[in-house]
Amino acid sequence: MSPATSLTAIGLVIVATIGIGLFGLRISRTTSDFYVASRAVTPRWNASAISGEYLSAASFLGVAGLVLMNGADMLWFSVGYTAGYLMLLVLVAAPLRRSGAYTLPDFAETRFESAVVRRICSGLVVGIGTLYLLPQLHGAGLTLQTVTGAPPDVGAAMVAVIVVINVAAGGMRSITFVQAFQYWLKLTALAAPIFVILISWRSADHPVGLLASLQGAGAEWAEPLSRAGGRDHPLYATYSLLLALCFGTMGLPHVLVRFYTNPDGRAARRTTVVVLALLGTFYLFPPMYAVLGRSFAPDLVGHGADTVVLELPGRIFPGTAGDLLGALVAAGAFAAFLSTSSGLTVAIAGVIDQDLLRSRLHRWTGGDYVAVNSFRIAALLSMTVPYLAFLLTGSLSLADTVGLAFAVAASTFCPLLVLGIWWRRMSTTGAAAGLIVGGIAASAAALVNVIGGPDGGWPRALVGQPAAWTMPLAFLAVIVVSKLTPDKIPAGTALSMVRLHTPEAVDVDRGLPYRSS
Amino acid sequence: MSDTRPTGDQGLTTYRDVQVSPDFSELRRRFRRFVFPMTGLFLVWYFLYVLLADYAHDFMSQKVGGNITVALLFGLGQFVSTFAITMIYVRWADRRLDADADRMRRLIEGEHE
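Taken in sequence, the protein lines are chains A and B.
Remember, the numbering used here sits 7 above the position in the first sequence when you count from 1.
Counting along the second sequence from 1, when you hit position 64 you're at 53 in the numbering used here, and nothing is skipped either side.
Chain A extracted, bound-state conformation (with noise of 0.2 Å):
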């Protein structure tokens, strides 16, 4: 693979995210304007933003990887990050938007009237970000190592960099083009090999060897729990995968607060179906290139399966085809880190800077400090954390370390929500016992993985797919102690309800009047 044209492919991508950025600082808006604005987007246009900043290292890298190691299980990641949609529109979205709260620990301090769950929802929230981002610096260092044989260290810092500089000059945020515009940079990037290879193939002979690999001593991969790739309990494992990713996207950070730039439920509901087409088309091919990389990189299988949608092309079409093909995977893969990372960078900096630094800066300042550095500070913290993790773990599958930032969502955010909004007798007390319960347990199975957890058997299973049992747990916790104190009930639950449920187009008043902003 020629270094050359792949890194002027990266680059010609950075300079566009950048560009863009500074262009955005120019014409800066505010929090309000981008939402009001943003109103104005057709539900095509903000779908096709959403699957940009949803479709990351994991799904752009990881899933082939995954099929390509472990087999035709893995074809549930795919499924299951386009199905949690469908879960965050039917439960929450509607009721949320209602709520008038652009976050989380906004929602949760509204509905239980606790600046202590809203803090521990803020925790939260930095956390699935810190566990989500994770992987976008290691897809980065791969990516720019399997290039240019770079250490993986460069490839980390760069995305780092460029991210913390973008979102701190105020970038990305209110762009939903760039993010839309993102989509079919990656869509395309991934695809064109595929057909290129398709087209080629029909008009020369089919190559020797292609299918023979699904069959005989390799067939068990192609079949379902089948623990190809020595994963045990594959029921378990499938069933607990499949709870974390349709319940962990609707408490994802940065998933949720895409939803507020509808207009309505219906342009909500109309969305929905858009994001769901297109993630689905996209992935259809992760997995062709796992198939096809059975045949033709064998040798990944064992070690650096994630960089099989970087090989492939070159190891196809050695010479200049391959060098433009490779290239341009290599540029849809860093704008898969820069867009999903961006994305979750201004979420966990949002929350940084509102509830845990700008009430010390002002302290500490005396109150002679500007409120933008507050969020610059926060957007450098917010990157700082995860570059260490990066720095002090060995190589970890991309796809399973998102698939955790999934549980610990489903385990915490997703009682949270779903009870938070129907359940009228949930305390105070009893949702941030669900969160402390729920969070204490994915996360401490997440640490476990990404260290290097138990080689196999039950204990690997358990921790390696907590959700289905760190989930329930999380509900049982919420209910149990929500029993034990019915005192503790929010006194304005009431007026929640109505608030949460009553349709957009009914004008009631739906009290506090929420952001100044």
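Bear in mind the hints are in silico, worked out from the structure with no lab data behind them.
The beta-carbon is built from N, C-alpha and C at its ideal position, and this holds for glycine as well.
Heads up, a few of these hints could be off.
Listed below are several chain B residues computed to face chain A (Cβ distance under 10 Å; list not exhaustive) [said to hold, decoys possible]:
#1 F13
#2 F25
#3 M27
#4 T28
#5 F31
#6 A82
Dock chain B against the given chain A, drawing on the hints supplied.
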């Protein structure tokens, strides 16, 4: 959200009116009765799908034509079924939820006049 009207007694009364109105309870109940079984069914469908792929092994590895197996079609069908469920929900929400919203609006705005 542009709801910046000051909270006054007038507003609170409206809230309570909504809260105790049978239409509001009906709206919530109807929503719940649709949404939760739907979510449950959807999950059961996924879980069955995973099992089916395993137990109906011979059926799954039948070739439909060329190298296309039943399992492959089933795999793609999973995306199709997710899409189908979404469409069913969207249709229902467009028809029922929006109609309910209109009805409640007439009810509440009528009370104001």
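Hints and how they fare:
no.	hint	in the structure
1	F13	holds (7 Å)
2	F25	holds (8 Å)
3	M27	holds (6 Å)
4	T28	holds (6 Å)
5	F31	holds (7 Å)
6	A82	holds (6 Å)
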